[in-house]
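J.: One-letter residues, chain by chain:
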Amino acid sequence: MTADADTLTIDIDGWEGPLDLLLALARTQKVDLRELSILKLVEQYLAFVDQAQALKLEVAADYLVMAAWLAYLKSALLLPRDPEQEPDPEELALRLQLRLERLSAMREAGARLMARDRLGRDIFVRVAPEGLRTIRKAAWQADLYDLIAAYGRVNARTRPVMHIVANRPVMTLETALERLGDMLGLAPDWRMLQAFLPPGAEGGYRRSALASSFVAALELARLGRAELRQEAPFAPLYLRPPA
Amino acid sequence: MTDAFTRAVEAVLFAADAPLSIEAIRAHAGEGDVRAALAEIAAHHQGRGIELVRRGDRWHFQTAADLAHLLRRDREEPRKLSRAGVETLAIIAYHEPVTRAEIEAIRGVQISKGTLDVLMEAGWVRPAGRREVPGRPLTYATTPEFLVHFNLASRRDLPGIDDLRAAGLLDPVDLAIERVEVAKDDEDA
Amino acid sequence: MTDAFTRAVEAVLFAADAPLSIEAIRAHAGEGDVRAALAEIAAHHQGRGIELVRRGDRWHFQTAADLAHLLRRDREEPRKLSRAGVETLAIIAYHEPVTRAEIEAIRGVQISKGTLDVLMEAGWVRPAGRREVPGRPLTYATTPEFLVHFNLASRRDLPGIDDLRAAGLLDPVDLAIERVEVAKDDEDA
Numbered sequence: 284m285t286a287d288a289d290t291l292t293i294d295i296d297g298w299e300g301p302l303d304l305l306l307a308l309a310r311t312q313k314v315d316l317r318e319l320s321i322l323k324l325v326e327q328y329l330a331f332v333d334q335a336q337a338l339k340l341e342v343a344a345d346y347l348v349m350a351a352w353l354a355y356l357k358s359a360l361l362l363p364r365d366p367e368q369e370p371d372p373e374e375l376a377l378r379l380q381l382r383l384e385r386l387s388a389m390r391e392a393g394a395r396l397m398a399r400d401r402l403g404r405d406i407f408v409r410v411a412p413e414g415l416r417t418i419r420k421a422a423w424q425a426d427l428y429d430l431i432a433a434y435g436r437v438n439a440r441t442r443p444v445m446h447i448v449a450n451r452p453v454m455t456l457e458t459a460l461e462r463l464g465d466m467l468g469l470a471p472d473w474r475m476l477q478a479f480l481p482p483g484a485e486g487g488y489r490r491s492a493l494a495s496s497f498v499a500a501l502e503l504a505r506l507g508r509a510e511l512r513q514e515a516p517f518a519p520l521y522l523r524p525p526a
Numbered sequence: 143m144t145d146a147f148t149r150a151v152e153a154v155l156f157a158a159d160a161p162l163s164i165e166a167i168r169a170h171a172g173e174g175d176v177r178a179a180l181a182e183i184a185a186h187h188q189g190r191g192i193e194l195v196r197r198g199d200r201w202h203f204q205t206a207a208d209l210a211h212l213l214r215r216d217r218e219e220p221r222k223l224s225r226a227g228v229e230t231l232a233i234i235a236y237h238e239p240v241t242r243a244e245i246e247a248i249r250g251v252q253i254s255k256g257t258l259d260v261l262m263e264a265g266w267v268r269p270a271g272r273r274e275v276p277g278r279p280l281t282y283a284t285t286p287e288f289l290v291h292f293n294l295a296s297r298r299d300l301p302g303i304d305d306l307r308a309a310g311l312l313d314p315v316d317l318a319i320e321r322v323e324v325a326k327d328d329e330d331a
Numbered sequence: 143m144t145d146a147f148t149r150a151v152e153a154v155l156f157a158a159d160a161p162l163s164i165e166a167i168r169a170h171a172g173e174g175d176v177r178a179a180l181a182e183i184a185a186h187h188q189g190r191g192i193e194l195v196r197r198g199d200r201w202h203f204q205t206a207a208d209l210a211h212l213l214r215r216d217r218e219e220p221r222k223l224s225r226a227g228v229e230t231l232a233i234i235a236y237h238e239p240v241t242r243a244e245i246e247a248i249r250g251v252q253i254s255k256g257t258l259d260v261l262m263e264a265g266w267v268r269p270a271g272r273r274e275v276p277g278r279p280l281t282y283a284t285t286p287e288f289l290v291h292f293n294l295a296s297r298r299d300l301p302g303i304d305d306l307r308a309a310g311l312l313d314p315v316d317l318a319i320e321r322v323e324v325a326k327d328d329e330d331a
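Residue numbers (this note's numbering), protein chains in the order written: chain Z, 284 to 526; chain C, 143 to 331; chain L, 143 to 331.
Honestly, the hints are just simulated from the structure, not real lab data. One or more hints might be untrue.
Claimed, not checked - Result set (DSS-like, lysine-lysine): computed pairs, CA atoms no more than 25 Å apart in a straight line:
id, chain 1, residue 1, chain 2, residue 2
1, Z, Lys323, Z, Lys313
2, Z, Lys420, L, Lys255
3, C, Lys326, Z, Lys357
4, L, Lys222, Z, Lys420
5, L, Lys222, L, Lys255
6, Z, Lys357, Z, Lys420
7, Z, Lys323, Z, Lys357
8, C, Lys222, C, Lys255
Small disclaimer: the values here were computed from a predicted structure and weren't measured.
Just chain Z, with the same shape it has in the complex (with noise of 0.2 Å):
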């Protein structure tokens, strides 16, 4: 950057932005920017940017942005003060100040920072150090609760099993047909098969009572003994003595 007081060479392509082309401008005046001519800032702006476009080189569309936003300023700026104006242009002006000043403070500390004595350059840890390890051991653990109890499913399921088949009430086959055989003489009407079993039957009991006296109710009317009757699949089953 080459500077005479208001002038800078013109290469947009160096600048991050109008901030920072303000900044760069801002410090042509060399004073301190709570200093700074805020006027003085917008004109060397727009100067630069007009002189941007004569040379018809390509100004970013931010850039246009800020000049005209830096216009508007300057008007408010010259204009005679209206203290009802808002927002108060010395605000504004005050902003831009504030800003410069912000992005400043931000490029030195970053420079500062820079130019510490850094890791690797000029100052050094070992290359090669031993360095630390962890060695994950397993603690193993089991109580002996844990160690008899599997000692018995070990046993348990390793012992010779033996069935045992649960003494459960069932009417065997002969003791249905004997009472099937002894019922059935005792009416000459149909009556349904549910009507043999032994009152008060419940439960298992009930049903291989049922499934016994079916069996037997076939086996007597094989033999001629009974006469069987059922008006569809699953109706009711009714039985007789032959007539």
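Starting from the known structure of chain Z, fit chains C and L onto it as the hints suggest.
T.: Here is chains C and L on its own, set in the frame of chain Z:
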């Protein structure tokens, strides 16, 4: 002869391949007054070619910074950052945690896609949670490696940070404007 | 304050990636009495956690040799013994000395190679000589640590079959499910 625990702490720090926290030191060196041992070790190496330094809440040995002129291996920067990269890193370091929008507000220009990536790849910057405002923007902060790389004991050692804070230059513009107006009002009153 | 040359030698040695000869040290640290500097540095670190050592005609820093054990930290992590492990251990405890084939016959399932290794690593089981039968198979038995861990005065303190039955531990639970689980367990082990 140094006591056994101090020797152990010194050996562990020397062998470590990264700065160690007090807890990590204790995990290897065993029970003992780690802080006292660190103080003794730091004193023993004071003014010599190797120094014990604190980086955030971690400790490590490094060559003395003032010997840089003897040891400097080349003039090249270890990692050449673009101007945008340097400014973004400075803004994060001095303002952390800070959102992308806040970085852009200070620089007056959008951050190009690669800038934050480069800083994170270097291990100097990390995402630091979301800010609880509408949009929940992600914030960024520096890492322990940042302190190590730039030879900083803590963020308080960032060059000029106290002056910048005192001058209000780390506050957002809006806040600064308010302060100016309050001051003006006081003058008027 | 150590003299500047000694400090430089110390820093150069610290940052080197291999032991350095006197000439190599001089090439980095500049002109000076390297031997005197080395002597001073060795004396300064004498009996501490870091040592300057000579390897042939080269010098380097290392962690004090007697503290090398600190660099490796063993951390015990509690781990539950697998079902196959507990069962195998139980069979050994009740039947020792017992061969692998006998264990398998009692369990009704093969044992994977890792199961006995784990029990020996835990320190509960040891090889207990060979049985004088064809093939001379190795037998296994429990260790004194086994008794300590399970808080038993002797193996006779283990409950007998009748005790187990009385405690309901021999109830034939659903054996089909049991077998499936055992098979799965062994695949995992």
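J.: Determine for every hint whether it applies to the structure shown.
T.: Hints, one by one, checked against the model:
Between the alpha carbons of Z:Lys323 and Z:Lys313 the distance comes to roughly 12 Å, so the proposed pair stays at or under 25 Å and holds. Under the criterion of a C-alpha separation no larger than 25 Å, the hint pairing Z:Lys420 with L:Lys255 is consistent with the structure, at around 19 Å. As the CA atoms of C:Lys326 and Z:Lys357 are separated by approximately 23 Å, the hinted pair is consistent with the 25 Å bound. Distance hint between L:Lys222 and Z:Lys420 is fulfilled; the C-alpha atoms sit about 13 Å from each other, no more than 25 Å.
A C-alpha spacing of about 18 Å is found between L:Lys222 and L:Lys255, which places the hinted pair at or below 25 Å, so the restraint holds. A C-alpha spacing of about 75 Å is found between Z:Lys357 and Z:Lys420, which places the hinted pair above 25 Å, so the restraint is violated. Between Z:Lys323 and Z:Lys357, the direct Cα distance comes to roughly 9 Å. Compliance with the 25 Å bound is thereby established for this hinted pair. Among the hinted pairs, C:Lys222 with C:Lys255 is consistent with the structure: their alpha-carbon atoms are about 17 Å apart, no more than 25 Å.
In the structure shown, a violation is registered for the earlier hint numbered 6 alone.
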